[in-house]
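Novice: Sequence:
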Amino acid sequence: MGCLAAAAAGAEVAPLLFRRRLAPSPVAARRRLLVSCRARRRGLRTAAELPRKSTSNDKHHNRVNMQRDEASVSSDKERQEKYGDENGISNLQLEDLIQMIQNTEKNIMLLNQARLQALEHVEKILKEKEDLQRKLKILETRLSETDARLKLSAEGQFGTEINDSLPVLELDDIKEENMLLKDDIQFLKTMLTEVAETENSIFTLEKERALLDASLRELESRFIDAQADMLKPGPRQYDAWWEKVENLGDLLETATNKVENAAMVLGCNHDLEDKVDKLEASLAEANISKFSCYFVDLLQEKIKSVEERFQVCNHEMHSQIELYENSIAEFHDILSKLVEETEKRSLEHSASSMPSELWSRISLLIDGWLLEKRISYNDANTLREMVRKRDSCLREAYLSCRGMKDREIVDSFLKITLPGTSSGLHIVHIAAEMAPVAKVGGLADVISGLGKALQKKGHLVEIILPKYDCMQNDQVNNLKVLDVVVQSYFEGNLFKNKIWTGTVEGLPVYFIEPQHPAKFFWRAQYYGEHDDFKRFAYFSRAALELLYQSQKKIDIIHCHDWQTAFVAPLYWEAYANLGFNSARICFTCHNFEYQGAAPAQDLACCGLDVAQLDREDRMRDNSHGRINVVKGAIVYSNIVTTVSPTYALEVRSEGGRGLQDSLKLHSRKFVGILNGIDTDTWNPSTDRHLKVQYNANDLQGKAANKAALRKQLNLSSTNASQPLVGCITRLVPQKGVHLIRHAIYKTAELGGQFVLLGSSPVSHIQREFEGIADHFQNNNNIRLLLKYDDSLSHWIYAASDMFIVPSMFEPCGLTQMIAMRYGSVPIVRKTGGLNDSVFDFDDETIPKELRNGFTFVHPDEKALSGAMERAFNYYNRKPEVWKQLVEKDMRIDFSWSSSASQYEDIYQRAVARARAAA
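Going left to right, the sequence shown walks through residues 1 to 918 as our numbering numbers them.
These are calculated hints, taken from the structure and not from any lab test.
Where a beta carbon is used, it is the ideal one built from N, C-alpha and C, also for glycine.
There is no bait here: all hints are sound.
Quick list of simulated restraints, FRET-style, between CB atoms: (1) Ala912 / Asn577: 20 to 30 Å; (2) Val692 / His624: 49 to 59 Å; (3) Ala914 / Ala748: 57 to 67 Å; (4) Val440 / Lys480: 17 to 27 Å; (5) Pro733 / Ala917: 43 to 53 Å; (6) Val440 / Asp774: 21 to 31 Å.
I would like the entire structure built from these sequences, with the hints used as guidance.
Specialist: The structure is reproduced here in structure tokens:
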């Protein structure tokens, strides 16, 4: 019986051991097998000697067993019924298990086959156990009869019968035999109890095995994911891949620990095998009478048969263990090869694919070292050249410097300095805004969008900004202050400036923090201060001083709008004579409405000679007799641009706001380049602000966003196809506020819905639209949200079917491009950048493939109404045509790539002319 129980336990636990031992050592497995065999042999030798060494302890043990006999008999019956039920449950569990794991890998299938064979052996053993239990009951009955006879014999009732039928000697033998049989029966009952406990342990192990199966499947899934990541690990995925490998190792270690625990539990069951062997030896040594000979012989045969099957099963188990260990070893070999291959591929990966963020950090490191005088000017130039070329040696030096001290990092960089040349340009943007760290209007988007596009083309691009107290510091990566102070001139004195560095959108950025008592950029706002002229004059001078002291050899300094227009005259009047003259100046005016005019004497604050510059051919305003810094930038810059070709034509006439004559005079260096949009930020297929992402091939997501916005704003949802018109704008006269007001009422008249998002800095305009909002408060088709909400703007672009941009003038405009990107058809006035990006759907003079919206010319309500009526007509009556128009608009490329190429061309021509003249 002990062998039966051991076989059942071994067969049940064996497949569990296979599964839980995810990363076993072959030596450790053989050692455990050897220890198990030695323990078994010791048990056999001990059991063989037990009958010869019976002591008072044995007798005491027998008495205890006899006391437990009655309780064991009843528990045996209950256990028998339980085993009958468990056989059925076991079969069901086996079928479920086979169905669960039928799609696993080959080695798991082999292990399950071994487990199936073991379970079949267990089922046979359990049946044999039931037969033995029945025979034990028969034996108990006979013993009871014998006890009764002995009792009667003692009383003398059957003395004659006994004397006639049984010799006295045989009677003594029977008594002795009965005692031995009682001991054996009690021992068997004890073994059955231990078998039951073992089965409970097996049940527990089976649960753990199920958990381990789930862990193994998760491990395999993660390993497959890791394999996929390792086959093509991009630079940004590199750290994430290593994290996956570490997690994989943790899983392996956890699974191994579970296997070791299971092995310990299984080792406890070896005691059962020892006890069975003791019983076998006891039966072999016992002097059993003819009365129980048949029963004992039968029991020995059964035990021998079970032991043989157990040995066969044990052999199969160890064969499968060896097979599984080989598969684990193969797994580790493959993993090691993949790790080596990935490391090699990472080192050999082209430098162009390395994230721009890292190249920007390297550039900032080099400039910081130079300003802190830790490296020489020549070494800094050499390293900058290597950054331009995306030199692989420089990349490897940077990646290997983690954890090193600053001095060691500097030394490692200096060791790889080599002379070289590059066709890439060194471009520095000096501006008052940059998205997303300091954003007020479209200028911020241009700085980040154009900068990233030029960087992708292989140029070294840097940005210089004021360090505002209200800027979004959390949008700056690795923000830190340099251990250097740059002094700049202002109003007859030198003032210190702290220099901060960091990366924004992957671009290296310098932030200048003036140590001036006026706290120029600690005003809790970007613009609108009484001394804005002086604030930005100071910043422009400090930015040039930073470039001058860094001794950089810059190709292009690009300044934007009147706030940094000071840079052009300062560069040529104050710094070119100091030897800082390698750069060419590009000035972009994003809106000629704002020109930075001020009294002439205010210009002296930044060190410029007022007497020399207050002239009609220099910086004197053409109509007001004041200093005009935008005019100064037009005169002193090598390149002058604006933000669309049509706007460039418009500003040469009345749109120039007094500067048209100056622009005509310098027309040879003046050009209009249409802005682009950041297609990474404005992408409906990845936009995290949307309820549902979508693209031109699947517009169901657009309908879902429309339904969600209606619910959010409490708009009517009874007609799902009711057109929704969107408008996102600042409510200022330039944007055509009277036409926006008319569009609201016209939409209601045409049976559509209208959503406005925006506010006005002009108080009477704000009050007017607040009144309109109150008027439509109970109308479930009109909503005016007089604020700005970036997240909500994404949602409105995605939900709207049409988008209104009725501007009086529009230098470029980005909203119409974003709207088309999100499948909202624009309705715009033909002016500025709107005229360069939106082409009327009914204009047969325009190629059909370019027609993408609805336009009107005259800035009045009648013209706007006509365009809106045509759009509503197509939407309501020709839904298929409308759908094709939406899909075409979404596929138009409004990225910065084309615009950046145009800037790249004019930069290179300016630099080429300068080098030819040198």
